[in-house]
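Asks: Since the structure of chain A is provided, determine the placement of chain B on it from the hints.
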Amino acid sequence: MLNKTIIDHLRQKVGAGNVYSEREDLLVYGYDATPEIAGFPDVAVFPENREGLQAALEAARGEGLAVIPRGAATGLSGGSTPCRGGMVLGLTRMNRILEIDEENLTLRAEAGVITVDLFNAAAAKGLFYPPDPGSQNVSTLGGNVAENAGGLRGLKYGVTRNYVMALSGFLYDGAEFHAGNKCVKDVAGYSLRDLLVGSEGTLGIITEVTVRLINPPQDKRTLLAYFRDIRTAGEAVSRIIAARIIPATLEIMDKTTINCVEDYARIGLPREMGALLLIEVDGHPAVVAEEAEGVRKILAEVRADVIRQAANAAEAAQLAAARRTALSAVARVSPTTILEDATVPRSRLAETFAEIERLKEKYKLRVATFGHAGDGNLHPTAVTDERNHEEIARVHAFFSDLYEKVLSLGGTVSGEHGIGIAKKGYLLRQFGEGGIGVMRRIKHAFDPDGRLNPGKIFLDEAVSAGVKMPGGTNG
Amino acid sequence: MAEQSLAGNFHPQDAPGYESILQCMRCGFCLAVCPTYALTNRERSSPRGRAALARAIAEGKLEFTSAVRDEAFFCLDCKACSTACPSGVRVGTIMELCRSQAQVFHPPSLPAGMLRDFILKRMLPSPALLETSLLPVRLYQRLGLQWAIRRLGINRFLPGALAKMEEILPTLTPPLRLEIPELIPALGKKRGRVGFFLGCAMNLVFPEVSRQTARILSQQGFDVVTPREVKCCGAPHLAEGDRATARQLARINIDLFLPLDVDFIVTDCAGCGCALKEYGELLEERYDHERVGRFRAKIRDISEFLAEAGIRTEGLRPVPLSVTYHEPCHLVHGQGLSGPPREVIRSIPGVELREMKESNWCCGMAGSFALKELETSRRILERKLANVRDTGADALVTANPGCHLQLAWGLRELGMKQPVFHIVELLGKALP
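So the sequence lines, in the order shown, correspond to chains A and B.
Numbered as in the numbering used here, the first sequence ends at 475 without a single skipped number.
Numbered as in the numbering used here, the second sequence ends at 1432 without a single skipped number.
Be aware that one or more of the hints could be misleading.
Simulated pairs of lysine to any residue, SDA-like, Cα-Cα distance not exceeding 25 Å [claimed, not checked]:
(1) 1357/B with 216/A
(2) 185/A with 102/A
(3) 1061/B with 22/A
(4) 1357/B with 126/A
(5) 1357/B with 1082/B
(6) 156/A with 296/A
(7) 1372/B with 1160/B
(8) 1061/B with 348/A
(9) 1357/B with 100/A
(10) 1164/B with 1088/B
(11) 13/A with 1039/B
(12) 1298/B with 255/A
(13) 13/A with 1040/B
(14) 125/A with 1389/B
(15) 220/A with 243/A
(16) 156/A with 176/A
(17) 255/A with 125/A
(18) 1357/B with 121/A
(19) 4/A with 1070/B
(20) 255/A with 1023/B
(21) 1277/B with 264/A
(22) 4/A with 1040/B
(23) 1277/B with 1311/B
(24) 255/A with 1311/B
(25) 1190/B with 1310/B
(26) 1357/B with 314/A
(27) 1357/B with 156/A
(28) 1061/B with 387/A
(29) 1357/B with 120/A
Keep in mind the hints are simulated off the structure, nothing from the lab.
For clarity, every value in this text was computed on a predicted model and none was experimentally measured.
Next comes chain A alone, as it looks inside the complex:
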């Protein structure tokens, strides 16, 4: 904790109600949604405007404090946790939507705006902001940009990066940056914007974002299919993509997930089935009709065991219910839910599922897998209990083996959750010392003293004692 003079100074500069230094406050600014990871900051500051933010940064520099930018702390890799203490810099009170430019189809907002509020503001003008991470009702735009968040619509519409046109903010040393603009074409210099998207708060503090908006789809059809063998489901996904049909949603649930959902919601799911695919095609009505028929044909060709097509919106909602309930159902099974983020080229889905099954057997674990099959982004989710150290060790061994396989298939250790603290070891495996070295030089150029969100992404910036790093350290 900091001495009272600094706290008083911060209160005066940023506003008394925007600075927290009591133990009860600091305790709850130590975590995000990542299991087993928590830190404890020295102070938490929530500026309401850029002047306040600059003052907070200046104070941090004066004290040599680390600064940890924080949105809604819904991240799943520990990216916003103050693992080495320092100042948590919350952006949630800078949450205004500044402009909707209907001539250029852009929206400009402060970093703390909640994703769904942005979506609704665009929708009110008849426009569409597609990125829809699972936590969109709470997550912030700044957090989405920092983590390059994905979501269910990633397959067809892309992820946060594909919508960011411009960014503004500050480096740790106080320098202000403006990266990108409203121009569709822009090749001026290095794309700082693209470096900052997905930088997990380690390069700069993003305070303002301009995003691209598009036309909303006019129509939508929903199909659901069950498969006795999950490999057939994998084949169906590959065939749909190979047929050049890009559904807006192409989600998969495995047998364990189906049974968790049925245990919890009792909506009559067939427990004996090995997999469920939920498919939504959207766009122009004529195209939608054609694509829905194309999907149905492929499902029939690969001999899906059950195929259902929704006749109307109510039926579509019914079909989507199981997938919507998946996380709740799985999370209720046990105290600790470790939701991972393994991602492979979608042609390798079937192999990945086979490996998950093999490793579940090997490590005697309960792992429910669901996720975005269409973009190869799976969420194998271990249901466990963090008090059972022996089982947790098996969980980490499971994921370590799985990521080995994922990398051998040309996949990535994170599709949408980021590296943060939790996956530093895996990142090294994916990039090797050479790739990591380049990243480190980039980090040095932005933040030479390593004060901005330290302990993240790079393995050797070891976190302080007491913070556990699942799977990350021994990689």
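Replies: What follows is chain B alone, placed relative to chain A:
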């Protein structure tokens, strides 16, 4: 960390279960629905933050500090977070237990404690005493209420609370408990026999509403049995952290209703219904499991009961009104009842239901919160009333006495014309 079977820094008596706290995976989905977080943007005033504080205490990393006590009481216990939580954490319940812990670690000062004990342990458990205490209010509505406020010692609150207390009570009519026949026979073809759980607030403040409830049940073909010895359901005790008295009341009510040989026990108070349905958790192993289970299985909110039984609509008169429906937290989040009240409203001929935005967002009453946290309560209420206004509906319908008082007060304050009806009042208008 060893197996956490002990309560850590909690007092072992009525400590929140460690398992129930550990179940929180900190996903933050609750942040979007928490009224106190929406107002403060302060993590510790969010369900996720409150669960984390409780966890730190259970793990011995934090004492039960006064800040924790404050958060426990600042929580509205609206239970919206329970509905939003993917992993089934019930932070409202954890905070109820923390309120009970607060009595151990931060006991109220002597006069305040005596007052609290008097209200919770003497007055609320005794319907007669309650009724007597409000007699002067009834006789001399205005002057008498001031006297009552002094007698209840409410003047330890801010003067604003005093003013609100005076303004919020409608003109009182005699309580229903001693007037209502112990048995009202079913009309038409008999469909069953139900016990009517007459809640304190309904009896004292809204006797005409509960009269409608009984009339509707009878008209719908049910014998209605209303035992006069009914006790407070215990909800105020749970809210104030007096679980011991709540348990006594629970035992008495179970012993009162089980021998009545009724098919169901119906209440028209969402708060009572919620508390009655939680008797099992409250009593745990302190009472015969089988009896609690049988009692619990009979409890129905009035709209839950009517929707299940099927409403006999023949002979109903049209009620040409557009209405919007405010969902009481203890109905929608506490009992998971969102569809049945709407089903009842839609079954009334002539009524047009216009959905408001955020119909399941708290109105800011939350028991004594509306008097203790005047400003916060008012801001929560304003958000609600703006959504009411946007519907342009003729009337506002709800199903809980607390909400009813708060909403009617707010509408009067803002000069809005809509009357507030309990759902049974609306249905009552259609009855022949």
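Asks: Are the hints correct? Go through all of them and say.
Replies: The hints, checked one at a time:
1. At roughly 23 Å between alpha-carbon atoms, residue 1357/B and residue 216/A fall within 25 Å of each other, so this suggested pair holds.
2. Between residue 185/A and residue 102/A the CA atoms are separated by roughly 18 Å; this keeps the pair inside 25 Å, and the hint holds.
3. For the hint linking residue 1061/B to residue 22/A, the alpha-carbon distance of about 14 Å falls within 25 Å, and the restraint holds.
4. Between residue 1357/B and residue 126/A, the direct Cα distance comes to roughly 20 Å. Compliance with the 25 Å bound is thereby established for this hinted pair.
5. Under the criterion of a C-alpha separation no larger than 25 Å, the hint pairing residue 1357/B with residue 1082/B is consistent with the structure, at around 20 Å.
6. Between residue 156/A and residue 296/A the CA atoms are separated by roughly 18 Å; this keeps the pair inside 25 Å, and the hint holds.
7. A threshold of 25 Å between alpha carbons decides the hint, and for residue 1372/B with residue 1160/B the separation of about 10 Å falls inside it, so the pair holds.
8. As the CA atoms of residue 1061/B and residue 348/A are separated by approximately 46 Å, the hinted pair breaks the 25 Å bound.
9. A C-alpha spacing of about 24 Å is found between residue 1357/B and residue 100/A, which places the hinted pair at or below 25 Å, so the restraint holds.
10. A distance of roughly 36 Å separates the Cα atoms of residue 1164/B and residue 1088/B; the hinted pair therefore is violated under the 25 Å criterion.
11. For a cut-off of 25 Å, the pair hint linking residue 13/A to residue 1039/B stands: about 22 Å separates their Cα positions.
12. Pair hint residue 1298/B plus residue 255/A does not hold up; C-alpha atoms about 37 Å apart against a cutoff of 25 Å.
13. The suggested pairing of residue 13/A with residue 1040/B holds, with an alpha-carbon distance near 19 Å, which does not exceed 25 Å.
14. For the given pair, residue 125/A sits about 23 Å from residue 1389/B by alpha-carbon distance, which is consistent with the 25 Å threshold.
15. In summary, the hint linking residue 220/A to residue 243/A is supported, as the alpha carbons are separated by about 19 Å, within the 25 Å threshold.
16. Our distance criterion of 25 Å between C-alpha atoms is broken by residue 156/A and residue 176/A, whose separation comes to about 35 Å.
17. Between residue 255/A and residue 125/A, the direct Cα distance comes to roughly 41 Å. Violation of the 25 Å bound is thereby established for this hinted pair.
18. Straight-line distance between C-alpha atoms of residue 1357/B and residue 121/A comes to about 16 Å, which keeps the hinted pair within the 25 Å bound.
19. A C-alpha spacing of about 23 Å is found between residue 4/A and residue 1070/B, which places the hinted pair at or below 25 Å, so the restraint holds.
20. Taken as a hint, the residue 255/A and residue 1023/B pair is honoured in the structure, with Cα atoms around 23 Å apart against an allowance of 25 Å.
21. Pair hint residue 1277/B plus residue 264/A holds up; C-alpha atoms about 20 Å apart against a cutoff of 25 Å.
22. Only pairs whose Cα atoms come within 25 Å are accepted, and residue 4/A paired with residue 1040/B is accepted, the gap being roughly 23 Å.
23. Simply put, residue 1277/B and residue 1311/B have alpha-carbon atoms about 23 Å apart, close enough for the 25 Å limit, and the pair holds.
24. About 41 Å separates the Cα atoms of residue 255/A and residue 1311/B, which puts this hinted pair outside 25 Å; it is violated.
25. Of the supplied pair hints, the one linking residue 1190/B and residue 1310/B holds, its CA atoms being roughly 13 Å apart against a limit of 25 Å.
26. With a C-alpha separation of about 20 Å, the suggested pairing of residue 1357/B with residue 314/A holds against the 25 Å cut-off.
27. Taking the CA atoms of residue 1357/B and residue 156/A, the gap is about 31 Å. The hint is violated against a cut of 25 Å.
28. Distance restraint check for residue 1061/B and residue 387/A: the Cα-Cα separation of roughly 16 Å lies within the 25 Å cut-off, and the hinted pair is therefore satisfied.
29. For a cut-off of 25 Å, the pair hint linking residue 1357/B to residue 120/A stands: about 14 Å separates their Cα positions.
In this structure, the earlier hints numbered 8, 10, 12, 16, 17, 24, 27 are contradicted, and the remaining ones agree with it.
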